[in-house]
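Got chain F; can you put chains X, L and V on it based on the hints?
So the protein sequences, as listed, match chains F, X, L and V. Here the first sequence stands for residues 1 to 325, where the numbers follow this note's numbering. Here the second sequence stands for residues 1 to 279, where the numbers follow this note's numbering. Here the third sequence stands for residues 1 to 536, where the numbers follow this note's numbering. Here the fourth sequence stands for residues 1 to 528, where the numbers follow this note's numbering.
Fair warning: there could be bad hints in the mix.
[Claimed, not checked] Below, simulated DSS-like cross-link-like pairs (lysine-lysine); rule was C-alpha separation at most 27 angstroms, straight line:
hint : chain 1 : residue 1 : chain 2 : residue 2
1    : L       : K15       : L       : K85
2    : L       : K244      : L       : K194
3    : F       : K13       : L       : K296
4    : L       : K342      : L       : K266
5    : L       : K301      : L       : K515
6    : L       : K470      : L       : K342
7    : L       : K15       : X       : K6
8    : L       : K202      : X       : K6
9    : X       : K12       : L       : K361
10   : L       : K194      : L       : K173
11   : L       : K308      : L       : K470
12   : L       : K308      : L       : K361
13   : L       : K85       : L       : K62
14   : L       : K62       : X       : K12
15   : F       : K130      : L       : K144
16   : L       : K62       : L       : K173
17   : L       : K202      : L       : K173
18   : L       : K361      : L       : K342
19   : L       : K244      : L       : K85
20   : L       : K194      : L       : K144
21   : F       : K130      : L       : K202
22   : F       : K13       : X       : K12
23   : L       : K470      : L       : K400
24   : L       : K266      : L       : K296
25   : L       : K361      : L       : K194
26   : L       : K301      : L       : K244
27   : X       : K12       : F       : K130
[To be verified] Restraint ranges, calculated between C-beta atoms of paired labels, are given here:
hint : chain 1 : residue 1 : chain 2 : residue 2 : range
28   : V       : T348      : X       : T197      : 54 to 62 angstroms
29   : L       : S155      : X       : L107      : 46 to 54 angstroms
30   : L       : L78       : F       : W131      : 24 to 32 angstroms
31   : X       : F34       : V       : E269      : 54 to 62 angstroms
Honestly, the hints are just simulated from the structure, not real lab data. Where a beta carbon is used, it is the ideal one built from N, C-alpha and C, also for glycine.
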Amino acid sequence: MPLLRFIAGRLVKGVIVLIAIATMNFFLIRAAPGDPASVLAGEAGAADEEFLRQLRQQFGLDQPITTQLWIYLTDIITLDLGFSYRQGRPVLDLILERLPATLLLTGAAFIFSLTLGIIFGILAARRAGKWSDSVITTGALFFYATPLFWIALMSQIIFALWLGWLPNTGFRTIGAGYTGLRYALDVGLHLILPATTLGLFFTALYTRMMRASMLEIAGSDFVKTARAKGVPEGRIVRRHIARNAILPVVTLAGLQAGQIVGGAVLTETVFGWPGIGRLMFEALSQRDYQVLLGVFFVSSAMVVLFNLITDVVYRVADPRIEVGR
Amino acid sequence: MKAFFKRFARNKGAVIGLIILAIILAAAVLAPYFYPTSPWRMVTRPFLAPMAMDGYWLGTDALGRDVASGVMHGARVSLIIGLVSTLTALAIGIPIGALAGYFGGLLDDALMRFTEFFQTIPAFALAIVIVAILQPSLFSIVIAIAIVSWPPVARLVRGEVLSLRSREYVQAAVVIGQSTPRIILTQVLPNTIAPITVMASIMVASAILLESALSFLGLGDPNMMTWGYMIGAGRTRLIEAWWISFFPGVAIFLTVLALNLVGEGLNDALNPRLSREGG
Amino acid sequence: MTVLAIDNLSLALPKLADRTYAVEGLSLDIDAGETLCVVGESGSGKSMTAHAVIGLLPSAVKPAGGSIKLAGRELIGLSDGEMRKLRGRDVGMIFQEPMTSLNPVMRISDQILETFESHRMFNAQQRMRRTFELLEEVGLPDPKYIARAFPHELSGGQRQRVMIAVALALEPKLLIADEPTTALDVTTQAQILKLIDELRRKHGTAVLFITHDFGVVAEIADDVAVLQNGLCVESGRAEEVLQKPTHDYTKRLLAAVPSLTPPPPKDLSGEPDALIVRNLHKTYGGRGFFGGGSRKVVAAKDVAFTIKRGETLGLVGESGSGKSTVGRCILRLIEPDDGFIKVGDTEFHGVPVRQLRPLRKRIQMVFQDPYASLNPRRTVGRIIAEGPEAQDVPRADAEKRARELLDLVGLGASSAHRYPHEFSGGQRQRIGIARALALDPDVLVADEPVSALDVSVQAQILDLIQDLQKRLGLAILFVTHDLRVAAQVCDRIAVMQRGEIVELEPTAQLFANPKHPYTRSLLAAVPGAHVKVAAA
Amino acid sequence: MIQKKTGRALASTALALLLSAGVVAMQPQDAKAEPQRGGTVQLAVTPEPPSLMLGLFQNGPTQMIAGDIYESLLRYDTDLTPQPSLAESWEISDDQLVYTFTLREGVLWHDGEPFTADDVVFSLDVFLREVHPRWRPTVNAQVASIEKTGDYEVTITLNEPFEPIMLSFEVGTTPIIPKHIYEGTDYRTNEMNSTPIGTGPMKFVEWDSGSYVHLERNEDYYLEGRPYIDEVYYRFIPDAASRAVAFETGTIDVLTGGSVEIFDVPRLEAQDNVCVTTAGWELFAPHSWLAVNVREGALADKTFRQAMMYAIDREFARDVVWSGFGTVANSPISSRTLFHSEDLHEYTYDPDRARELVAESSYDGETLEFLVMPYGETWTRWAEATRQNLEDVGINVNLVTTDVAGWSERLGTFNFQLTHNFLYQYGDPALGVSRSYVASNIVEGNPFANVMGYANEEVDALFAEAANAPSEDRPALYQRAQEILVDELPVLWMIEMDFPTVYRCDLQDFITTAIGVNDTFRDAWLQQ
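Chain F extracted, bound-state conformation (with noise of 0.2 angstroms):
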């Protein structure tokens, strides 16, 4: 029960902070100049006052601000996150296309990135000071200062250029017409480069907190104990240091988790991943305000909802938190 209440409690939060969101978002958008109408009239090489005229009665924008911001609060309530103006098409369907690639993306990224931080990190203490945790350390700094889109290009070329490995664009073999297994498989094989590339930032990340929190954990006095009773190394390391230094990675990760989701942009951008980071890259220069806003909002509310499971599971894992509170 309290559990709920605790997470009955987030969410109002949550959904507070969405519409303080959405509604500044709305007007920071509409301060950038021009509107949907006129990038289409610049796309379209040629356009006179009527086309502008009719485009942007059509869209809505000859209304006063502020009706349509109450429009769209009032819509927003109810997940309508109305119409693209560019596509013609309900934004919620537009973002629901993209969202399943991002958070496949993301996903693996994630995991892929946890998985390793946490295991790099793990070595790397255990082996401090000596040459392997040199090695380790080093490539997490590596990785942690190149720019991204920077290993993004590099990983192009090596791997699907020159090697010829993986496929370096997309999300599936378009036109292959795979079902089932070799879909499946086929879609993975292009989340590799993707995947990977966004996820080495944060395996530097995690691998250098990690390391950083199993020497500090490593210091505590229930390790001592631990020594004293006779405990071997190896479950001193598994159970009482690594054990207790994950909470803090997991959690930072977690409440990373919701912010990769948003920040996939340069990613999906380099490898043609149809996710909604590019879709917002894309609505942001065509003015496609409504697309742009369900971006934000839906990726605000994943940050929401990723920091709520965060929290929910570090409730979980650490019995020192009551949970409830």
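Below, chains X, L and V alone, put in the same frame as chain F:
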């Protein structure tokens, strides 16, 4: 102070980082001396490979501009963007964190909700939108980076202040009748400098990365020769003219690396109890 | 039978440390069923000795000579693997901090079971049965519930009992107890000491007991070894060392232990009331965000007392009794829920915070932790001068006053430009006192001012406070958990339990004839109270 | 290539071709090769279009994809000669006022409904008149009536002779749309917009938003055996480098013009089985210039504009920035369309002359703002190079970047000083050239109007007269207009642009018309 330097110097990585940083700073300062003309100037044939012609030891780019000149001039802008946006973020984050942490209660609640609010919006996407709306320029980039990077500062400062506030010397200051602003400024904030310094060094690094990412998407200041711009401009030619974006990429890598190493060194030197000793 | 024999042991410190050896030329023996107390002040090397025996020295500290024999087997030079097999089975250890010594994310039963598993003893069923037996043996109520609990669900005393259960699970020959009761309240301490004593008798365990407290030594030691700066200055049977110390250092340490016999009372008749407190209430209650009200803690309930000019009132209680809250409420560091506070002729309660600042100089405070109570980034002179300056005294005058005060507390005016970290704990506490006095207060609230200090330093600070009181006619509210200290400095003592003053009597009367059962249990728990210790 | 043909000549060519109906209009290069059936083609298109409803949207990508779904009355060969499409034949009256089109019978819409003259009248007179920004001015100003004169005959009557109308019947300007779907509905919100129905050789199958549009062969197409290709995918890959890599790894068969960065072309061309063509743009003849806001400051000064023209190294821009593609432009009228004059003053790169003119002009060192055209990095590079050219002669320039929305908005509100721009010429100055220079087209809100604010009554009069003049009088009028404009420089013409298409050489008869990049798949076939 001596002990601080001693502890810092014990961290080999930090010393290397400091040396790299010094070299980059020197490059930034000496750029106009080595390359007095604008780095935008088309000086010779385009796509000249490194070392292919005397005087153009890092090659030239798609328009025949000297890559070496760009890298050196870029150091200035990248460092300035990193520094200014970090300072701006600190200027937003420290007061918010300090007020929330010191006064607690409703104000804390309100300020932390505000901070959470900014942490809920995906940061990179927000930066993109801000730059696009304000039109890309040095100003808008700095603002965008600051807006997405202040929340962690506020949280850090809040946490520090929260723990410092219950320190006995702060209570002592209350007991002797010092005014609240004075307590915050003289008793509390000076003692948060260590963690803030550590965080700031890392923030400069991420600001440089963020700027390069924005430039990569074509949202850089078109009048500023930055490393991010150079990679963005050269990336499409990576296959046939790798050097155009390779060298600025290396410059970013080294700078970010150096700042992180220095940050770690500072962390070890300022928080000796957390220093990572081999197990 | 000798269980532990340490012979001429030296432990080398790393190069940059302030001395070459943590412990030098140490020899001692413990027989089965005997308790040896190693006593010393902080930095004496007593803990290092304990860690050397169980093979858990910090990597920077290395044995540099001598031998440690456990039941005849040499421990120095054993491989890590052999040493591991020894730990838990032949040597058990309890640590000082019960709050952090247990893995927070493992159930109690798992932490005990792990000991058996690590040494591959018994089958699963036997292990479980043994675990319950152990929990029962260390006096934990409802072992079934405790076994399933996580450490944070237990109190400090319960955790320390669990630690004992863990350490004794395999019935080792030797138990090492490193300040196991220092972090505990006095009544809990008495119970734990009793438990350790009983168990070693029952199982014939040899106990190496590390402590700084001669009261504890008097309570449980068969033998004593006194360490000073890594050297054993005196050792022998407990009663002999305690009653006929031969070494100066031992004598000094023993002399510094406050006696439970209060000095003769002062004549305070005719002195005006300096502080009147009536009807003081304070309840901590969690403010839940969505109505989730957390449990309430009553920290002060109808607290009332008066302190005359020149008088010291002791506020005594265990942790959580509310004694510190009362002190802070009077200073308005914490806002009381209700109450009447009058300092001299000024009513202190109800004054809006804005107008409070000028009144604050009337009542000042000395804090517990000398390391946390001074701003590390300001010079000592500034720290002291800040008070007068905040009360609009010109800067030059304030700094002059600071130098005078430094002289007064025995540090010398020249220390004004130095930073706090250049001073020792006792010196810092003097600075804290000087800061409080800089405003010429009428009332001083001293919140555990000596509890973080070594016993010899403690005595000096107590002397200083009493001396200043005499000279300046201060009224002092002395908050402490230590009845020995209270006995020495307080004219009257108020005993607090769960936010209420249960008894308030002149000191001599309270010690001679405690009325309230809680007061009686507190007095009974004072370690070494019944043992005669050599007087100075 | 300079095309100067009279209207009569155009008509007679068409009639001649009619006699050989059924024969492929354009002979493939290798006349012996027999077209083969089957195959799938993958094309990269950038950016993803807003819609495929060609009547409502005329963006480049919309035209490239929907150009095979919809059809118009005519097609044009690369000399801009009309060819039959939905119109089997046509007649033009001697007074050049009445155009009679005979429609092909037996054509079916993709949903199976028959195509008739009603559809044509509805499209031209109702639908497009309301929504099409390029057809609307033509139909409103020049056309007296559009009538159905038989189930398969439509007659268009003009107010006065307007020769350029014969270039208006390509699929982008006048796509024929199904009356049975659109009549009486709100065109812009009609649900069928997302599943376009046309008469063209390819049928719409699926649009996977963010990934691709899938078209398939129209089995009921009226030309026996065509189209040859079974399936076509237009893929959307936002990053240019990724597109190039996708082509190199064989995922993509065609990089359409605009979806390949021009500097990648030489590298790709050097590979095996890769063909590059700049054909298929003849009707559009994209013409780029540096637009100058001539309303105030030094930019209002003709001498200063001439100075800039001398200062900018257009050969360098063509050779380096545009990798050698394109032709340096010297006139408002592209050399690839009608009425271009070679007999004009040429501004060759001459920084010294530029410096002299700057000194003579009213320029006094202020910093000019150069709005970078947001159409990809080549334009950015070009802006950077141009800034450097200008700074070399002492003109201070600051670049300002923005996105397409900001750019159109600022041009449309005249809030700019300098910017690149390029416009299509649509084969005839009356359709694609005069709009940029006549004072009547100084209108807010349209980035492709006369945003420079240039006004010259003589030029206005010349363009007005030339549009409706008899064929034989037009060259002289345009010659005069060009002379004035070249002297006054309302814009600084830069390059007649080439947008190369990169494709696998297996694709035969790939680009055969003047809008070949758009109506590709009627004739294209795969060598297997």
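Against the structure, the hints:
no., hint, result
1, L/K15 <-> L/K85, "violated (31 angstroms)"
2, L/K244 <-> L/K194, "holds (25 angstroms)"
3, F/K13 <-> L/K296, "holds (25 angstroms)"
4, L/K342 <-> L/K266, "holds (23 angstroms)"
5, L/K301 <-> L/K515, "holds (20 angstroms)"
6, L/K470 <-> L/K342, "holds (22 angstroms)"
7, L/K15 <-> X/K6, "holds (15 angstroms)"
8, L/K202 <-> X/K6, "violated (53 angstroms)"
9, X/K12 <-> L/K361, "violated (51 angstroms)"
10, L/K194 <-> L/K173, "holds (19 angstroms)"
11, L/K308 <-> L/K470, "holds (13 angstroms)"
12, L/K308 <-> L/K361, "holds (18 angstroms)"
13, L/K85 <-> L/K62, "holds (21 angstroms)"
14, L/K62 <-> X/K12, "holds (25 angstroms)"
15, F/K130 <-> L/K144, "violated (45 angstroms)"
16, L/K62 <-> L/K173, "holds (25 angstroms)"
17, L/K202 <-> L/K173, "holds (12 angstroms)"
18, L/K361 <-> L/K342, "holds (14 angstroms)"
19, L/K244 <-> L/K85, "violated (42 angstroms)"
20, L/K194 <-> L/K144, "holds (24 angstroms)"
21, F/K130 <-> L/K202, "violated (47 angstroms)"
22, F/K13 <-> X/K12, "violated (47 angstroms)"
23, L/K470 <-> L/K400, "holds (23 angstroms)"
24, L/K266 <-> L/K296, "violated (40 angstroms)"
25, L/K361 <-> L/K194, "violated (47 angstroms)"
26, L/K301 <-> L/K244, "violated (47 angstroms)"
27, X/K12 <-> F/K130, "holds (14 angstroms)"
28, V/T348 <-> X/T197: 54 to 62 angstroms, "holds (60 angstroms)"
29, L/S155 <-> X/L107: 46 to 54 angstroms, "violated (35 angstroms)"
30, L/L78 <-> F/W131: 24 to 32 angstroms, "holds (28 angstroms)"
31, X/F34 <-> V/E269: 54 to 62 angstroms, "violated (39 angstroms)"
In summary, the numbered hints that this structure violates are 1, 8, 9, 15, 19, 21, 22, 24, 25, 26, 29, 31.
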